[in-house]
Amino acid sequence: MTDNTDSDLTDVQRRRFLKATGLAGAGGMTAIAGCAGGGSDTAEPTDSAGGDDGDGGGGETTTADPGEIQEGGTLVWGHSEVTQNLDIHQTATASTGRFLNSVYDPLVGLTSDLELSTDPDVTSPGLATDWEVSDDLMTYTFTLREGVTFHDGTELTAEDVKYSFDRIADPETGAIMQFVFGSTDSVEVEDEYTVVLNQSERYQPLLRQLAFSGTSIVPADSGDTIGDEPIGTGPFQFVMRQQGNRAELEAFDDYWGEGPYLDAVEERTVTDPDSRLTGIQEGNYDLINDIPLDDINDVVGNDGDDIDTRTWSPLSWAFLNMNNTEPPFDDPDFRKAVDFCIDKQALVEGALYGNGQPTASPSFPNSAFRNEDISPREQDFDRAAELFEQSQYDVGEFDLTFKVTTNYPWHVDAATLMQQFFQQAGLSVEIQQLQWSDWLSQVFANGDFTLSMVNFFTFWEPAYLYTSLWTSGGSFNFRGYASDEYDQAVADAAQASGREEAIPLYQEAQSIIHEDVPDVMLWFRDGTLAAKDHVNGLETVLSPNNSELGFGRVWMDQE
Amino acid sequence: MSLTRYATRRLVFLVGTLFGASVITFALVNVLPGDVAVMILGTSGSQEQVEVLRQQLGLNQPVYVRYIDWIVGVLQGDLGRSLRFGDPVATLIAQRFPASAFLAFTALTIAVIVAIPMGILAAVEQNTWKDFLTSVAAFTGISLPNFFWGMLLILLIARYASLLPPSGYVSPTEDLGEAFAHVLLPAGALGFSLMAHITRMTRSSLIEELRSGYIDLARMKGLSNRRIVLRHALRNAFLPVLTVIGFQLGFLFGGIIIIEQLFAYPGLGRLAFNALLNRDAPLIQGSVLTIAVVFMTSNLVVDLLYAVIDPRVVAGGEG
Amino acid sequence: MAAETGTARFVDEYQRERLYRLARSVRHNTKAVVGLSLIAALVVLAIVSPMLISQEAANQVDIQNRFAAPSAEHPFGTDNFGRDMLSRTLLGVRISLYVGLSSVAIASAFGVPLGGLAGYAGGAVDDAVMRTMDVLMSFPPILVAMTITAVIGPTLNNAILALGLVYIPYFARVTRSEAISVSQEEFVEAARALGERDSYVLFREVLPNAAAPIIVQASISISFAILAAAGLSFLGLGAQPPTPSWGLMLQQAKQYLTQAPWMAIFPGVGIAVTVLGFNLFGDGIRDVLDPDASSEFGVTDE
Numbered sequence: 001m002t003d004n005t006d007s008d009l010t011d012v013q014r015r016r017f018l019k020a021t022g023l024a025g026a027g028g029m030t031a032i033a034g035c036a037g038g039g040s041d042t043a044e045p046t047d048s049a050g051g052d053d054g055d056g057g058g059g060e061t062t063t064a065d066p067g068e069i070q071e072g073g074t075l076v077w078g079h080s081e082v083t084q085n086l087d088i089h090q091t092a093t094a095s096t097g098r099f100l101n102s103v104y105d106p107l108v109g110l111t112s113d114l115e116l117s118t119d120p121d122v123t124s125p126g127l128a129t130d131w132e133v134s135d136d137l138m139t140y141t142f143t144l145r146e147g148v149t150f151h152d153g154t155e156l157t158a159e160d161v162k163y164s165f166d167r168i169a170d171p172e173t174g175a176i177m178q179f180v181f182g183s184t185d186s187v188e189v190e191d192e193y194t195v196v197l198n199q200s201e202r203y204q205p206l207l208r209q210l211a212f213s214g215t216s217i218v219p220a221d222s223g224d225t226i227g228d229e230p231i232g233t234g235p236f237q238f239v240m241r242q243q244g245n246r247a248e249l250e251a252f253d254d255y256w257g258e259g260p261y262l263d264a265v266e267e268r269t270v271t272d273p274d275s276r277l278t279g280i281q282e283g284n285y286d287l288i289n290d291i292p293l294d295d296i297n298d299v300v301g302n303d304g305d306d307i308d309t310r311t312w313s314p315l316s317w318a319f320l321n322m323n324n325t326e327p328p329f330d331d332p333d334f335r336k337a338v339d340f341c342i343d344k345q346a347l348v349e350g351a352l353y354g355n356g357q358p359t360a361s362p363s364f365p366n367s368a369f370r371n372e373d374i375s376p377r378e379q380d381f382d383r384a385a386e387l388f389e390q391s392q393y394d395v396g397e398f399d400l401t402f403k404v405t406t407n408y409p410w411h412v413d414a415a416t417l418m419q420q421f422f423q424q425a426g427l428s429v430e431i432q433q434l435q436w437s438d439w440l441s442q443v444f445a446n447g448d449f450t451l452s453m454v455n456f457f458t459f460w461e462p463a464y465l466y467t468s469l470w471t472s473g474g475s476f477n478f479r480g481y482a483s484d485e486y487d488q489a490v491a492d493a494a495q496a497s498g499r500e501e502a503i504p505l506y507q508e509a510q511s512i513i514h515e516d517v518p519d520v521m522l523w524f525r526d527g528t529l530a531a532k533d534h535v536n537g538l539e540t541v542l543s544p545n546n547s548e549l550g551f552g553r554v555w556m557d558q559e
Numbered sequence: 001m002s003l004t005r006y007a008t009r010r011l012v013f014l015v016g017t018l019f020g021a022s023v024i025t026f027a028l029v030n031v032l033p034g035d036v037a038v039m040i041l042g043t044s045g046s047q048e049q050v051e052v053l054r055q056q057l058g059l060n061q062p063v064y065v066r067y068i069d070w071i072v073g074v075l076q077g078d079l080g081r082s083l084r085f086g087d088p089v090a091t092l093i094a095q096r097f098p099a100s101a102f103l104a105f106t107a108l109t110i111a112v113i114v115a116i117p118m119g120i121l122a123a124v125e126q127n128t129w130k131d132f133l134t135s136v137a138a139f140t141g142i143s144l145p146n147f148f149w150g151m152l153l154i155l156l157i158a159r160y161a162s163l164l165p166p167s168g169y170v171s172p173t174e175d176l177g178e179a180f181a182h183v184l185l186p187a188g189a190l191g192f193s194l195m196a197h198i199t200r201m202t203r204s205s206l207i208e209e210l211r212s213g214y215i216d217l218a219r220m221k222g223l224s225n226r227r228i229v230l231r232h233a234l235r236n237a238f239l240p241v242l243t244v245i246g247f248q249l250g251f252l253f254g255g256i257i258i259i260e261q262l263f264a265y266p267g268l269g270r271l272a273f274n275a276l277l278n279r280d281a282p283l284i285q286g287s288v289l290t291i292a293v294v295f296m297t298s299n300l301v302v303d304l305l306y307a308v309i310d311p312r313v314v315a316g317g318e319g
Numbered sequence: 001m002a003a004e005t006g007t008a009r010f011v012d013e014y015q016r017e018r019l020y021r022l023a024r025s026v027r028h029n030t031k032a033v034v035g036l037s038l039i040a041a042l043v044v045l046a047i048v049s050p051m052l053i054s055q056e057a058a059n060q061v062d063i064q065n066r067f068a069a070p071s072a073e074h075p076f077g078t079d080n081f082g083r084d085m086l087s088r089t090l091l092g093v094r095i096s097l098y099v100g101l102s103s104v105a106i107a108s109a110f111g112v113p114l115g116g117l118a119g120y121a122g123g124a125v126d127d128a129v130m131r132t133m134d135v136l137m138s139f140p141p142i143l144v145a146m147t148i149t150a151v152i153g154p155t156l157n158n159a160i161l162a163l164g165l166v167y168i169p170y171f172a173r174v175t176r177s178e179a180i181s182v183s184q185e186e187f188v189e190a191a192r193a194l195g196e197r198d199s200y201v202l203f204r205e206v207l208p209n210a211a212a213p214i215i216v217q218a219s220i221s222i223s224f225a226i227l228a229a230a231g232l233s234f235l236g237l238g239a240q241p242p243t244p245s246w247g248l249m250l251q252q253a254k255q256y257l258t259q260a261p262w263m264a265i266f267p268g269v270g271i272a273v274t275v276l277g278f279n280l281f282g283d284g285i286r287d288v289l290d291p292d293a294s295s296e297f298g299v300t301d302e
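Going down the list, the sequences are from chains B, U and C.
Taking our numbering, the leading residue of the first sequence gets 1, the next gets one more, and so forth.
Taking our numbering, the leading residue of the second sequence gets 1, the next gets one more, and so forth.
Taking our numbering, the leading residue of the third sequence gets 1, the next gets one more, and so forth.
Among the clues, some could well be false.
Said to hold, decoys possible - Derived Cβ-Cβ restraints for the label pairs, each shown as a range: (1) U:Ala-137 - B:Asp-228: 53 to 63 Å; (2) C:Pro-50 - U:Glu-174: 53 to 63 Å; (3) B:Gln-424 - C:Asp-127: 51 to 61 Å; (4) B:Asp-221 - U:Val-63: 38 to 48 Å; (5) C:Gln-60 - B:Asp-224: 55 to 65 Å; (6) B:Gln-424 - C:Val-269: 27 to 37 Å; (7) U:Ala-27 - B:Pro-120: 56 to 66 Å; (8) B:Pro-171 - C:Pro-113: 32 to 42 Å; (9) U:Val-308 - C:Asp-127: 51 to 61 Å; (10) C:Pro-50 - B:Gln-390: 55 to 65 Å.
What the hints assert, rightly or not - So, partial list: chain B residues that the calculated Cβ filter (under 10 Å) puts toward chain U: (11) Ser-275; (12) Thr-406; (13) Ser-441; (14) Asn-536.
The set of hints was computed from the structure by calculation and includes no laboratory data.
The C-beta atom is built at its ideal place from N, Cα and C for all residues, glycine as well.
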């Protein structure tokens with residue numbers, strides 16, 4: 001249900017935001033993703049008409065004139081990160097998500113305005129043609145698309161959906177989205193193309209979360225093999241992956257939707273930013289994600305070369321972690337003092353070369369759930385000194401280690417800058433560069449750290465974000481933050497009767513963490529894509545979650 | 001003692017040393033902190049799953065049991081499976097080995113081809129400006145780290161001049177031209193310091209030979225200068241040069257790791273380094289041991305060559 | 001007692017005589033003199049620079065002026081954080097000397113006694129020690145250092161420990177050669193015949209005579225240690241930001257090579273000058289000890 005007033009508001013917000021960040025005018029803009037107005041939980045699914053979801057603004061999938069599109073060719077993609085676990089239900093990394101997004105489809109479709117949709121032509125189409133939600137949010141009935149084939153030739157039926165959801169719900173699987181089915185009693189196959197979810201409790205975010213790639217549909221009984229050989233319903237099928245080096249996707253001829261137009265996609269892992277850029281400039285790659293930060297302005301501003309670019313915000317969000325379970329960061333005053341030491345804008349300038357902006361809330365800028373009343377604390381050494389005094393610890397008695405990972409050089413830069421700030425305040429901090437694998441075992445698994453820094457992708461959905469990061473049992477709560485108030489707010493929001501009730505609860509959650517400062521929110525980082533000008537359909541590549549990539553509607557000039 | 005006995009003795013020592021090396025490698029690697037199981041499962045693994053994986057990977061058995069399992073496997077050609085890639089370690093090493101061998105060989109060839117003539121020139125033109133210039137160049141070569149040369153080459157030849165690519169690898173069996181294009185820069189960087197040492201050694205040992213008695217005798221007999229230099233002096237001067245090349249092997253093998261990293265060259269050094277960073281124990285063990293074996297074998301070959309050329313070495317036993 | 005005094009005096013004079021002759025030859029050797037002057041200049045710089053340049057000044061971030069080319073205000077330009085390259089390069093001298101001297105100190109502290117013992121005692125002791133050294137030397141030094149720092153954690157001090165460990169065999173070998181030849185000298189046999197304790201002979205007779213080649217080895221090893229430590233820092237296994245270590249600066253310079261080549265040039269020159277100094281000095285002394293350049297005196301380049 002698209003409300004006209006809401007759509008105007010979104011457009012205005014969007015334009016203001018574009019101006020504020022100076023991104024307007026940079027070559028090629030995708031819509032800033034944000035939660036557009038319009039309830040999507042209890043409403044009827046949007047009518048599929050001409051591929052547009054009525055919200056206006058750029059960035060929607062524009063179906064190209066079939067006469068123009070040329071088929072064929074292999075797109076070589078220079079990928080900035082190493083893909084990890086290939087099991088779509090288990091993997092938690094954005095890098096793998098980028099790769100597997102073209103292989104799988106979720107049940108629920110998503111437009112680039114973050115509206116749920118049944119339209120097959122949206123940026124992230126779903127496998128459901130219709131759904132019905134009971135008024136008490138206890139029963140969800142989904143009607144599946146017919147004639148959809150998996151890459152192994154079998155047809156998609158309700159059995160596959162049941163299997164997929166049961167698998168995710170099973171704690172043995174270790175699925176990252178297991179919590180989605182936390183209050184689901186059963187998943188039933190009503191007939192070949194109808195699936196019913198029965199809840200034991202209301203869970204308001206459920207429908208939104210079924211649009212995540214982590215809840216994608218896999219063939220029944222494929223659990224043992226999909227980690228090695230992913231099989232999905234998406235436009236591309238998995239061919240091979242040599243971790244850290246390269247991977248291949250091949251066009252799936254029996255894809256149920258429009259396209260794909262390419263013959264194949266070859267991923268090459270190029271973690272070195274300079275090599276990525278030189279690579280595309282020299283024609284070794286057709287497309288790269290993540291242009292090196294210090295070169296972005298040059299590349300984006302350069303109209304004379306043969307490279308198109310796309311920039312958007314946010315790609316990811318970074319935050320400073322403090323171990324809440326140990327001195328000195330078990331004291332909220334000490335933590336807040338640290339917040340006052342940091343000049344966030346200087347960090348963006350220094351570490352990101354201006355390609356980002358500070359934020360106090362991790363919610364997407366145009367999200368209805370975002371709390372606009374909180375803003376990043378400005379650097380204020382007097383306030384910091386006051387708070388250090390107030391705390392139970394003496395700032396001078398500590399020699400802290402800041403563990404930062406080498407796979408994100410700009411994090412190391414940010415750490416270097418923050419260390420200078422801390423020094424000015426009298427807090428002694430030493431930097432230790434870690435490999436990602438060590439960070440996982442030391443910081444994430446064992447909580448063996450005092451200061452660290454990490455970023456987060458795919459965080460458009462508030463329940464996923466606020467639950468996993470800061471609730472006492474949250475899967476990403478490695479800082480050990482525990483607040484009953486916060487837990488209550490988030491639990492209430494999950495149990496809300498609808499979006500309108502949930503919004504203020506999530507906003508309260510944001511206020512609580514802004515006050516308690518379990519972490520210091522640092523910045524939103526801009527996302528960038530660069531492609532040779534013979535690559536078309538670039539506006540369809542970015543997934544609505546701002547992180548993943550889909551190649552289903554990309555085509556290249558055949559020369 | 002005869003050459004064969006010398007060779008056999010050295011070979012026996014080699015095997016003994018190798019066992020010692022394998023123990024050290026295993027010990028070092030298995031003392032590594034950082035839980036590989038956690039690394040594999042990433043942020044999605046629960047505590048129970050980590051335990052299950054550790055069990056599967058056999059990480060809970062006592063160290064000496066794991067060592068014995070491993071060494072028995074090695075002797076049969078099975079170096080285990082990479083924890084990260086899942087592929088057999090032996091396969092991964094075999095894939096990367098040719099690239100490193102090609103790089104090392106090219107580097108050594110470049111170094112020798114450039115250095116020996118330079119050394120000869122310096123020796124023959126001793127104490128002239130040409131000699132001085134060579135010395136300066138040589139000393140600069142050994143004083144700068146090889147990765148600095150690498151960066152310089154990348155800057156000048158790959159970026160400014162765009163003559164050669166700054167990364168990647170093509171097998172010489174596929175396309176010799178392309179292969180050389182990709183290997184030339186890293187080999188050059190690796191070879192620079194080698195070049196310098198070899199130049200200096202060639203010069204000094206040739207000078208010494210030219211001063212010695214039998215050369216004067218040859219001159220008196222009327223042989224032309226050139227013939228003297230090329231045939232007599234060089235042959236005897238070659239011995240110390242060989243020694244230097246032998247000493248440089250350690251440098252070569254160590255340098256290869258850094259250079260492969262700098263040039264994103266998919267060789268054994270890079271494999272070992274990344275395995276180290278990823279705490280991929282079987283892969284680290286396998287690649288480090290392989291590098292040690294190749295290193296020791298190269299040293300042995302150099303020593304044997306030495307012995308062949310100068311029988312005095314064999315007669316006097318080894319120091 | 002009387003015998004001891006007698007021997008002591010005789011040996012002292014002999015040693016002093018050798019030292020004088022050595023010093024004179026060294027003074028006439030250009031390489032050694034140039035090398036020594038360079039080293040002296042660097043040492044002075046290392047001592048003086050922290051008085052002139054504070055750590056804070058060297059780490060002072062100035063984003064507005066990042067990537068500034070060399071100018072009057074910043075003679076060596078600025079880096080990606082706008083930090084003054086001149087200050088950082090000069091402070092790097094301390095770090096390089098610290099790394100070079102400490103790792104070699106560790107290596108010789110263990111290697112020299114071990115080698116001396118092996119050479120002097122001979123037999124089974126010799127075999128045991130030297131076999132262990134052989135095993136240690138079967139790995140390329142950088143590989144071992146890398147593995148060690150990866151195990152115990154990447155810091156500058158750990159890199160020093162690792163390098164110290166790795167260079168032990170080289171000192172052991174040199175000392176052992178010397179010990180073997182010296183222990184066959186007459187005055188040593190005389191000392192033993194007079195009933196001097198083995199340890200006395202070892203420390204007062206054998207080792208001082210090995211001093212010169214050990215100094216040569218030390219000089220060469222210092223230069224290699226500096227290069228190796230730079231390599232480790234370059235790989236991220238040594239000094240951590242924001243330490244003004246030259247190797248670390250080169251790592252950071254790599255990303256910005258085209259836009260700010262001075263970020264790499266000056267640390268590179270710093271390394272070159274320092275390494276050159278020690279190389280020249282070591283080379284010069286080696287020339288003096290044995291003008292026969294092709295013999296190595298057991299001294300090894302790694």
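Here is what the structure says about each hint:
{"no.": "1", "hint": "U:Ala-137 - B:Asp-228: 53 to 63 Å", "in the structure": "holds, 54 Å"}
{"no.": "2", "hint": "C:Pro-50 - U:Glu-174: 53 to 63 Å", "in the structure": "holds, 55 Å"}
{"no.": "3", "hint": "B:Gln-424 - C:Asp-127: 51 to 61 Å", "in the structure": "holds, 60 Å"}
{"no.": "4", "hint": "B:Asp-221 - U:Val-63: 38 to 48 Å", "in the structure": "holds, 40 Å"}
{"no.": "5", "hint": "C:Gln-60 - B:Asp-224: 55 to 65 Å", "in the structure": "holds, 57 Å"}
{"no.": "6", "hint": "B:Gln-424 - C:Val-269: 27 to 37 Å", "in the structure": "holds, 32 Å"}
{"no.": "7", "hint": "U:Ala-27 - B:Pro-120: 56 to 66 Å", "in the structure": "holds, 59 Å"}
{"no.": "8", "hint": "B:Pro-171 - C:Pro-113: 32 to 42 Å", "in the structure": "violated, 60 Å"}
{"no.": "9", "hint": "U:Val-308 - C:Asp-127: 51 to 61 Å", "in the structure": "violated, 26 Å"}
{"no.": "10", "hint": "C:Pro-50 - B:Gln-390: 55 to 65 Å", "in the structure": "violated, 35 Å"}
{"no.": "11", "hint": "Ser-275", "in the structure": "holds, 6 Å"}
{"no.": "12", "hint": "Thr-406", "in the structure": "holds, 8 Å"}
{"no.": "13", "hint": "Ser-441", "in the structure": "holds, 4 Å"}
{"no.": "14", "hint": "Asn-536", "in the structure": "violated, 27 Å"}
Hints 8, 9, 10, 14 from the earlier list are contradicted by this structure; the remaining hints agree with it.
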